[in-house]
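Protein sequence lines, in the order shown, are assigned to chains A and B. Sequential numbering of the first sequence, starting at 0, is according to numbering that gives the first Met the number 0. Sequential numbering of the second sequence, starting at 0, is according to numbering that gives the first Met the number 0.
The hints are simulated quantities; they were obtained by calculation from the structure and are not laboratory data. Among these hints, one or two may not hold up.
Pairwise CB distance ranges, derived in the manner of DEER restraints [what the hints assert, rightly or not]:
| hint | chain 1 | residue 1 | chain 2 | residue 2 | range |
| --- | --- | --- | --- | --- | --- |
| 1 | A | S93 | B | A405 | 58 to 64 Å |
| 2 | A | G140 | B | R178 | 25 to 31 Å |
| 3 | A | Y15 | B | W632 | 42 to 48 Å |
| 4 | A | Y15 | B | V479 | 53 to 59 Å |
Some chain A residues well away from chain B (every beta-carbon gap over 12 Å; in silico) [stated by the list, open to error]:
| hint | residue |
| --- | --- |
| 5 | A58 |
| 6 | G60 |
| 7 | Q76 |
| 8 | R105 |
| 9 | S139 |
| 10 | G154 |
| 11 | G187 |
Yeah, the Cβ is synthetic: ideal placement off N, Cα and C, and Gly gets one too.
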Amino acid sequence: MDEAALLDVAGLDTYYGRAHILAGVELAIRRGEVVVLLGRNGAGKSTTMKSVMGLVRPAAGRIEFDGADITGAPPHQVARRGLGYVPEDRRIFSDLSVMENLEVGRQRPREGAPSWSPEKLFEIFPNLAAMRARPGGRMSGGEQQMLTIARTLMGNPRLILLDEPSEGLAPVIVEQMAKAIIRLKSEGLTVLLSEQNLHFARLVSDRAYIIEKGRIRYQGTIAALMADEAVRAQYLSV
Amino acid sequence: MVVNSLVIQLLNGLASASALFLVASGLSIIFGVTRIVNFAHGSFYMLGAYVAFSITRALPVEAFDVLGELGPHVRFWGGIATAALVVGLVGIAIEIAVLRRIYHAPELFQLLATFGIVLIVQDATLAIWGPENLVGPRAPGLRGAVYILDQRFPQYELLLIAIGPAMLGLLWLLFHRTRWGTLVRAATLDREMVAALGVDQRKLFTGVFLLGAALAGLGGALQLPRETLNLQMDLSIIADVFVVTVVGGMGSVVGAYLAALLIAELQALMLLAPPFTIAGIEIAFAKLTLIPSFLVMAAVLIVRPYGLLGRPQAAARVAGAAEPVLRLATPELTRIGLAALAALALLPLAFGDYTVAVATEIAIFVLFTASLHFIMGPGGMASFGHAAYFGLGAYACGLAVKYWAAPMGVGLAFAPVLAGLGGLLFGWFTVRLSGVYLAMLTLAFAQIVWSIVFQSDALTGGDNGIRGVWPDEWARDKAVYYALAVALCIAGTLLLRRIIYAPFGYALRAGRDSPLRAEAIGIDVRRVQWIAFAVSALFAGIAGGLFAYLKGSVFPTYVSIPKSVDALVRVLLGGVQTVSGPIVGAIVFTGLEEQLARATEYWRAVLGVVIILLVLAFPEGLAGFAQRRWERWRGGGE
Numbered sequence: 000m001d002e003a004a005l006l007d008v009a010g011l012d013t014y015y016g017r018a019h020i021l022a023g024v025e026l027a028i029r030r031g032e033v034v035v036l037l038g039r040n041g042a043g044k045s046t047t048m049k050s051v052m053g054l055v056r057p058a059a060g061r062i063e064f065d066g067a068d069i070t071g072a073p074p075h076q077v078a079r080r081g082l083g084y085v086p087e088d089r090r091i092f093s094d095l096s097v098m099e100n101l102e103v104g105r106q107r108p109r110e111g112a113p114s115w116s117p118e119k120l121f122e123i124f125p126n127l128a129a130m131r132a133r134p135g136g137r138m139s140g141g142e143q144q145m146l147t148i149a150r151t152l153m154g155n156p157r158l159i160l161l162d163e164p165s166e167g168l169a170p171v172i173v174e175q176m177a178k179a180i181i182r183l184k185s186e187g188l189t190v191l192l193s194e195q196n197l198h199f200a201r202l203v204s205d206r207a208y209i210i211e212k213g214r215i216r217y218q219g220t221i222a223a224l225m226a227d228e229a230v231r232a233q234y235l236s237v
Numbered sequence: 000m001v002v003n004s005l006v007i008q009l010l011n012g013l014a015s016a017s018a019l020f021l022v023a024s025g026l027s028i029i030f031g032v033t034r035i036v037n038f039a040h041g042s043f044y045m046l047g048a049y050v051a052f053s054i055t056r057a058l059p060v061e062a063f064d065v066l067g068e069l070g071p072h073v074r075f076w077g078g079i080a081t082a083a084l085v086v087g088l089v090g091i092a093i094e095i096a097v098l099r100r101i102y103h104a105p106e107l108f109q110l111l112a113t114f115g116i117v118l119i120v121q122d123a124t125l126a127i128w129g130p131e132n133l134v135g136p137r138a139p140g141l142r143g144a145v146y147i148l149d150q151r152f153p154q155y156e157l158l159l160i161a162i163g164p165a166m167l168g169l170l171w172l173l174f175h176r177t178r179w180g181t182l183v184r185a186a187t188l189d190r191e192m193v194a195a196l197g198v199d200q201r202k203l204f205t206g207v208f209l210l211g212a213a214l215a216g217l218g219g220a221l222q223l224p225r226e227t228l229n230l231q232m233d234l235s236i237i238a239d240v241f242v243v244t245v246v247g248g249m250g251s252v253v254g255a256y257l258a259a260l261l262i263a264e265l266q267a268l269m270l271l272a273p274p275f276t277i278a279g280i281e282i283a284f285a286k287l288t289l290i291p292s293f294l295v296m297a298a299v300l301i302v303r304p305y306g307l308l309g310r311p312q313a314a315a316r317v318a319g320a321a322e323p324v325l326r327l328a329t330p331e332l333t334r335i336g337l338a339a340l341a342a343l344a345l346l347p348l349a350f351g352d353y354t355v356a357v358a359t360e361i362a363i364f365v366l367f368t369a370s371l372h373f374i375m376g377p378g379g380m381a382s383f384g385h386a387a388y389f390g391l392g393a394y395a396c397g398l399a400v401k402y403w404a405a406p407m408g409v410g411l412a413f414a415p416v417l418a419g420l421g422g423l424l425f426g427w428f429t430v431r432l433s434g435v436y437l438a439m440l441t442l443a444f445a446q447i448v449w450s451i452v453f454q455s456d457a458l459t460g461g462d463n464g465i466r467g468v469w470p471d472e473w474a475r476d477k478a479v480y481y482a483l484a485v486a487l488c489i490a491g492t493l494l495l496r497r498i499i500y501a502p503f504g505y506a507l508r509a510g511r512d513s514p515l516r517a518e519a520i521g522i523d524v525r526r527v528q529w530i531a532f533a534v535s536a537l538f539a540g541i542a543g544g545l546f547a548y549l550k551g552s553v554f555p556t557y558v559s560i561p562k563s564v565d566a567l568v569r570v571l572l573g574g575v576q577t578v579s580g581p582i583v584g585a586i587v588f589t590g591l592e593e594q595l596a597r598a599t600e601y602w603r604a605v606l607g608v609v610i611i612l613l614v615l616a617f618p619e620g621l622a623g624f625a626q627r628r629w630e631r632w633r634g635g636g637e
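All chains, full assembly: derive it from the sequences and hints.
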């Protein structure tokens, strides 16, 4: 790395009970980048994100965020350092309205990170603006996906972990999602997203990692990956 | 006239509903966020009343003279509010000292720890305020009565009627109009996600405990002008409060208010119902106030298993935390067991009557504990009212002696029959629920049995119990009775063990681990659980019968909440997921209790501390701990 990474993960090992999920995962994300973590179902993408966030305790390895060691720190401390997490299953607070969901995510403005308000978020996710008082449980999957991202952005993160943002969404919503991520990048946000959808990843990412059976198997620019048919066939085709 | 008294009773019901609501909403809020069912919530209520009593006395009257006419009001209401705050602070202290360490422990252990707090608070209250009932001051300016439809109605009750909805409104504002409230509601739905968004759960939990405890404290303090204060306030309210929270739906404040109204009104109306006679025994509804509320709970839970406004709990069991496999004892362990049996047989030869009596009691509790373990461990159903079946067994013997002057054999045969029938009846409802709701329903059923035996003086002698339940002539000798009890208890315990390892036991465990898959391979899970529940009740009944003849008497305390919790402590102490656990737990706990009761007046508090320390130190129970050590020592098991 020519420049110090904003998020630096080294030798990450994570277990669920006796099952070895991650084996020495290495990642380095620089400021302002959009990086995609590609892999099949069960490869370890979500576990990597949960381990970084402190939701799962890694058995070994080191996670540095903005120069500080956050390995094993509780999730709320990780979040308060400016690391935002958007879970794969969205986890909207179903009884809370859109505005209340956003309120839960709110943190103070942070230096070196874009600042967000509900109004500014509604510009990126216009669908949400029309349903401020609607309970989260009565929204469509696509609307919930927008809300879960907006909710995390309310914490004014420096880096956001997006776990499979395109999963289960209609093509037209996927397109909106891609635009949203590109907009976030233009605001100066750093993004690590996980994906199975290579087409989507290609629209938004600068670089890619491929994870398989808990190990990083490939890293390179998205252009290089698109040119390397052998790698894609080996790790990504179903 | 009937209409008039009906209206007055309805108003009385509204006033009672307010107090019930304050305590229940606190319990519900705490459960919603921390997922802890706080047994000690009744203790907060009792503390609120006692602290308010002391504060309203200690505040010097003269100090409030400067306020003129307002002085007495500020003094009284200031005292009430301060008491609520003090109890809130006590809640914080308990949360930080104890609960914070056990948020990740299994929910039963959490409940147990909070019961430890109940014991400690009971003795602390006894030590500070003494055993006599206390009468608090009346509220200034509200000492009189108003006339409603020509009937006197106390002014203070009118105020209480208003306080319930007022607090409901304030709580609604708190939860819907403040950031803190929004966070609490979010945490009730998904606390991990709240943490991932940067909210410190620990502060949130502590805040919730402050609020919940203060609400209970306020509920207690407001009783000051209404009721005499006594040391039974804690457990007597907690049963009602459990009913209210379960009927309303755990975690729902509005549900708690609706349920409090429903229950309190029903209880008030019962007072008007005329007594009637069944089989020559007069039954007065007025005295059986507990029963309708529990019937309401049973009815609501069958129609809406999560209460009026509750919702299904997120799966309590974390994936990957599978129950360990039960293995047959190794030859070494079998030999140890046989040696222990031989030692037991020789015991009367070496020790005096007292030790033999204690040993008999231990044997009885081994069987009782094994019966509870049977449905808790392999069955996965945590009964919080197992004393019901123990008590039914004991009362079967008592009634056999009282009404038929029957010999012991008849009593001991009747005991498992009555208890088993009780198990069949209550079990039918119980197996329809799971988790915390199941536990609370079993507790409710136990309270029904308790209220029947406690309140129907004519049948059971009420509080005075039934005396003269002695064994037949041939078994009067302590050593002989000991031999009989040990033989029956060991036979019963071994039989239960045998069932666990029989195909029925496998079916039961399959139903516990994965009901859907068990159904898919042709096991009727509910039916298996129902039978298991009845079998467990039956064996508990045998233990109860033996206990009746050991003590020579039967009292309602055999059916009380502490008896049920004692049984739970024994099972959990031993370890739920080991087969020998209940035996170890029963021996250790019964011995401990016996020693403590002899050593100090404040044995309850000591016991409470011991329970809490045990929960903190051995979350898998003594036998579970020993088993792991043993396997490690043997070279990693497998």
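Taking the hints in turn, this is what the structure says about them:
1. Between S93(A) and A405(B), the C-beta spacing of about 59 Å keeps the proposed range 58 to 64 Å intact.
2. Checking the proposed 25 to 31 Å range against G140(A) and R178(B) shows it holds: the Cβ atoms sit about 28 Å from each other.
3. The beta-carbon spacing between Y15(A) and W632(B), approximately 28 Å, falls outside the hinted interval of 42 to 48 Å.
4. A hinted range of 53 to 59 Å for the beta carbons of Y15(A) and V479(B) is consistent with their spacing of about 57 Å.
5. Non-interface status of A58(A) relative to chain B is upheld: no Cβ of that chain comes within 12 Å, the nearest being about 15 Å off.
6. In this structure G60(A) is separated from chain B by more than 12 Å, as the shortest Cβ-Cβ distance comes to about 20 Å.
7. Here Q76(A) does not stay apart from chain B, with its beta-carbon only about 8 Å from theirs, under the 12 Å limit.
8. With a closest Cβ-Cβ approach of about 8 Å to chain B, R105(A) is found to fall inside the 12 Å limit, against its non-interface label.
9. No Cβ of chain B comes within 12 Å of the Cβ of S139(A); the nearest lies about 19 Å off, and the non-interface call holds.
10. A beta-carbon of chain B comes within 12 Å of the beta-carbon of G154(A); the shortest separation is about 5 Å.
11. For G187(A), the shortest C-beta to C-beta distance to chain B comes to about 20 Å, beyond the 12 Å cut-off, and the non-interface label holds.
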